[in-house]
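Number of protein chains: 2
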Amino acid sequence: MTLFVDMDEVIADTYWAHIELYNQEFGEQLTLEECYGKEVWQCVPQERQESVRKHATRNGFFSMLKPIEGSQQILEQLVKHYDLYIASAAMQYPNSLKEKSDWLDDFFPFINWKNRILCGDKHILKGDILIDDRSYNLKNFNGRSLLFTSPHNVHSNGFERVNSWHEVAGKLI
Amino acid sequence: MTLFVDMDEVIADTYWAHIELYNQEFGEQLTLEECYGKEVWQCVPQERQESVRKHATRNGFFSMLKPIEGSQQILEQLVKHYDLYIASAAMQYPNSLKEKSDWLDDFFPFINWKNRILCGDKHILKGDILIDDRSYNLKNFNGRSLLFTSPHNVHSNGFERVNSWHEVAGKLI
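So the protein lines, in turn, are chains A and B.
In this text, residue positions in the first sequence follow the working numbering: the first is 1, and each later residue adds one.
In this text, residue positions in the second sequence follow the working numbering: the first is 1, and each later residue adds one.
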């Protein structure tokens, strides 16, 4: 069985990083709870939105990310049961490509380079299961689609939802 | 129809670059013709093979590549007829990732970032046609497989072969 796992907001905590950077730069105390159901840039005053939207273009942004809780332990188990690939829509940010590869080396060294995919559009993936936080990625996938809960997607419906890596383990192992 | 096109040896001339670098560094005059049917590293004395095999790990190697003859003109036509993706097995060389993205911007600016895939193993691709110079990529593909002629594969059999981009155009447009 082939299992695809997204990076941002599934194994890498970009949401936290956006809030952290915003608070540092503007001296604010924006919290995760205030952002539920929205993208982080949608939770800040209009004149600051462009700054937040450009975080991902900065050198070092993807290097600073923390792994999502449980992702390392559970993926290390899942690779024993599945032909597991990391699949990240990264091509929009050329500076992110090496950072993402290095980040996987650091936090997920047990995922071989052969099992890493950096792409633009995920509807070219052929496999059995996709775990992703974006419904536009899941809706074009032919196999079983699991929506991984992220603050921005808490109001999304229509997909089998997993709220944590421990829930993923319960379903897939 | 979804069409995948490989990079190295299909639109980017790595073979020429290996020979060029080897000749520069060792003061030799190795020719393309001498290498037919082999990898470039297999055509040099044993004590120099490791040097050639490491070309791809150097910064700048993928930036120096010339486009394969006809690839720019024909791909610019093909993108009008197909959902065309560049698919390169690049993850083994993290330094190549941004170079490959930049190279596509330079020589194939009409191929959107959404239509670029850097991966490890190509058997995860879902589509109709794959043009590649490696039979191990083609044999796992479910659709129509076209073997693009490169000096190293002139003796390979078992796949529909295309010797040039003009031949590709004759078959696909």
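Since the hints were made in silico from the structure, they are not lab data.
There could be a bad hint or two in this list.
The list treats identical chains as interchangeable, and a pair is accepted whether it falls inside one copy or across any two copies.
Stated by the list, open to error - Lysine to aspartate or glutamate pairs mimicking EDC-like chemistry, simulated, CA-CA at most 20 angstroms apart:
#, residue 1, residue 2
1, Lys126, Asp83
2, Lys38, Asp13
3, Lys54, Glu28
4, Lys139, Glu50
5, Lys66, Glu76
Do the hints match the structure? See the list:
1. Taking CA atoms no more than 20 angstroms apart as the test, Lys126 paired with Asp83 passes in both settings, with 12 angstroms inside one copy and 16 angstroms between copies.
2. Taking CA atoms no more than 20 angstroms apart as the test, Lys38 paired with Asp13 passes inside one copy only; the shortest distance there is 15 angstroms, against 46 angstroms between copies.
3. For a Cα distance limit of 20 angstroms, the shortest separation of Lys54 from Glu28 inside one copy, 18 angstroms, qualifies, whereas the shortest one across copies, 49 angstroms, does not.
4. In the homo-oligomer, the alpha carbons of Lys139 and Glu50 never lie at most 20 angstroms apart, since the shortest distance is 28 angstroms inside one protomer and 46 angstroms across protomers.
5. Taking the shortest Cα distances, Lys66 and Glu76 sit within 20 angstroms of each other inside one copy (17 angstroms), while across copies they are farther apart (41 angstroms).
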